[in-house]
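Throw the hints in and build the complete structure from the sequences for me.
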Amino acid sequence: MRVVVLLMIVFALGCGKKALFDELAENRLKVVIKGTYESNDPRSWLGAFPDDDSIDDGIANTELPTRLMLDIAEIQLLDKEGGVEPFSKYREVYTLDLNDSESFFSGMGIGHPNDDVEAGRLWTGMRLFLRKMVFDGAMQYHLIPGEPGIGTWTSDGKLYTIFDVDSVEGLDVNPLQVNTYYDSLKQNAKEINRIFPLKIPIIGGLNFNYANDETVLEIRLVFKNFVKRYEYDFVRDGYHYIYRYFGPSDWLRDVVADDAVIGGNIIAVARSYVRGKTVDITNAHTTGITVVANSYVAAVGPDSLCASLNRPSVVRPTLRTSGTPPAQCDNPKGPHVPIPNDIESYLDYYLKYEKYKENYNLFAACVSDGSFSTLWDEYNDSRNAYLLPAVATWTSDGSFTLKNVPYNSSWKICHRQTSPGAGDLPEFTDNAGDFVVVTIDGGGNVAISP
Amino acid sequence: MCMVLVSLSAHARQGRKKDPFTKFQAGFWFGPITPVYTTADDVNKSLGGGIFLRSLTFLDSFKLGIDASYEKFESRGVNKLILWPVYGSLLWRIPLKTPLVIQLKAGGGGCYVTIYPDRASQWDPMFMLGGEVSFPAGKWVNIGLRIEYLCIYENHIPGSVRNGHIVNAGISLYFNFGS
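Those protein sequences? They're chains A and B, same order as listed. Sequential numbering of the first sequence, starting at 52, is according to my numbering. Sequential numbering of the second sequence, starting at 91, is according to my numbering.
Among these hints, one or two may not hold up.
[To be verified] Computed cross-link-like contacts, BS3-like style, restricted to lysine-lysine with a CA-CA straight-line distance of at most 27 Å: (1) B/170 x A/69; (2) A/140 x B/170; (3) B/135 x A/68; (4) B/135 x A/140; (5) B/162 x A/140; (6) A/81 x A/131; (7) B/135 x A/69; (8) B/170 x A/131; (9) A/408 x A/237; (10) A/81 x B/170; (11) B/170 x A/68; (12) B/162 x A/81; (13) B/162 x A/69; (14) A/81 x B/135; (15) A/68 x B/162.
I should point out that these hints are in silico values taken from the structure, not numbers from a laboratory. Only a predicted model underlies this, so the values are computations on that prediction, with no experimental measurement involved.
Shown next, in the form of structure tokens:
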């Protein structure tokens, strides 16, 4: 009898309770990472990987990348007060084929392991710790002496790097993305690291609630149709070498010849939504704009300009060659060392060096009157302010669906007929007929604002 | 004959007095706590400890025990599990004529479970199986080792598919009370 009573007491302890060990094991927060500008139904791969204007040496090469390798060490969430939640301390490596069926590029995205996070806090950003980013198809060349003038560029073959313990074909471009060119001009450049971690804003924030069965945190890193070929110059043992490698397009922060770094061009954004509490915005919800085939549709905040999705108008300051006071200025780069044992090459080098000194005098004037820091700060601020759309899609026939747009939100749906080429992002206007504002209420009803 | 029996009985009582097992005991333990089976997928092993009481029963080979412990498990991420198991047990001494006391034990009770980052807490029923080995270190103290398996039972909750599974091991210090 006593045993029965004891058992009854024991079981009574569990009445009306939650399965905590199931809660511990299962996540209500799902992280999905996509490699596309679009949040769903992305544009197909164009198959083009344009040459950046950093390419100014060597010979034309035709190697193309076939895969992207990412090594993600950790993801952290940030709140407004600066609180940090290391909710995904799981290192994962991904080898992603550059084709339309790869989940990373198909719009489906890849799931990344994570834990649930504390409820009741508004998470506004995240830090993505990218250990490595490797594109294959990278080549090395060097300039051989013996020829008059410039010499002859010779291929040294493909480049290899270590990825996930193994040697793989490609170049890890992460070290080149630590700094933007702007950062490299600063005295504290060594203290700046833009890639480890990469800071990503969460548009609308993440307000996690355990009452919801599934909350999705979608992270988008723009890679698809946004890859360019670059050139990296270096000198070793008196010889001029170059790498030809692939990396994210310099659409946002222009990379020019002889720039050592290409940072600040991993364009990323995140958003969250609760599964089952979203609607799909389609043509039917956006009467007022005519969406044509082969174009982008994107959503920004109701008070934002569609043009905020465009590349900022401030251009990279360049070397002032005429005009006073200086309107543009960039730090001139010195000429490369000549080919050893070649007198003509040395003469060519010293001529270029004289030109470099002349340019440097112009640059010094630009620094002296303060234009240098003003212009570059303005350029950098404009780039830092750039945000990708929270939701975007591509339509090949004029009919579109913006999927998983959360309840209780309002959006300006932007459309532009012109479609960008590879390495570029779409640009929008705020002309009448190019946008419409929609509001979604708590029941999923969509209303078009006048 | 009677004298012999009385003499044996007195000798047995004296032997019982010297046997620490036959005394009321209180003590504490400290050692590694290890999540096993499905629980091992979610949290990492750690260190834990607790206190216990052991009282005599009318049967010489059996004692009753009450244990309470504190067990905190971290994970690689933000998941965290804190357990406060409180349970009663019946301990049976394996009848070996050595100073080493070997006991098997089984019991049940409740466990206060808290998980993070959910910050959810509740009492769950739990069961325990285990064993203890101890030897006297003087009149007042026994030193021992323990190992026990705890099952924090949640399968009775509708929809639940997992229980909590923990293995505790540790060094125990028993304090013997009474004459």
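Tested hints:
Restraint check: the Cα-Cα separation between residue 170 of chain B and residue 69 of chain A comes to about 17 Å, which is no more than 27 Å; the hinted pair holds. Restraint check: the Cα-Cα separation between residue 140 of chain A and residue 170 of chain B comes to about 14 Å, which is no more than 27 Å; the hinted pair holds. Between the alpha carbons of residue 135 of chain B and residue 68 of chain A the distance comes to roughly 26 Å, so the proposed pair stays at or under 27 Å and holds. A C-alpha spacing of about 17 Å is found between residue 135 of chain B and residue 140 of chain A, which places the hinted pair at or below 27 Å, so the restraint holds.
Straight-line distance between C-alpha atoms of residue 162 of chain B and residue 140 of chain A comes to about 19 Å, which keeps the hinted pair within the 27 Å bound. Restraint check for residue 81 of chain A and residue 131 of chain A: satisfied, since their Cα atoms lie roughly 22 Å apart, inside the 27 Å limit. Proximity of residue 135 of chain B to residue 69 of chain A is assessed by CA-CA distance (about 24 Å); at most 27 Å being required, the pair is judged to hold. With a C-alpha separation of about 24 Å, the suggested pair residue 170 of chain B and residue 131 of chain A falls inside the 27 Å cut-off, and the hint holds.
With a C-alpha separation of about 21 Å, the suggested pairing of residue 408 of chain A with residue 237 of chain A holds against the 27 Å cut-off. About 19 Å separates the Cα atoms of residue 81 of chain A and residue 170 of chain B, which keeps this hinted pair within 27 Å; it holds. Of the pairs offered as hints, the one joining residue 170 of chain B and residue 68 of chain A holds, with about 19 Å between alpha carbons and a cut-off of 27 Å not exceeded. For the proposed pair residue 162 of chain B and residue 81 of chain A, the alpha carbon gap of about 26 Å is at most 27 Å, so the pair holds.
Distance hint between residue 162 of chain B and residue 69 of chain A is fulfilled; the C-alpha atoms sit about 20 Å from each other, no more than 27 Å. The hinted pair formed by residue 81 of chain A and residue 135 of chain B meets the criterion: a straight-line CA distance of about 26 Å does not exceed 27 Å. For the hint pairing residue 68 of chain A with residue 162 of chain B, the CA-to-CA distance comes to about 21 Å; that is within 27 Å, so the pair holds.
When held up to the earlier numbered hints, the structure conflicts with none and fits them all.
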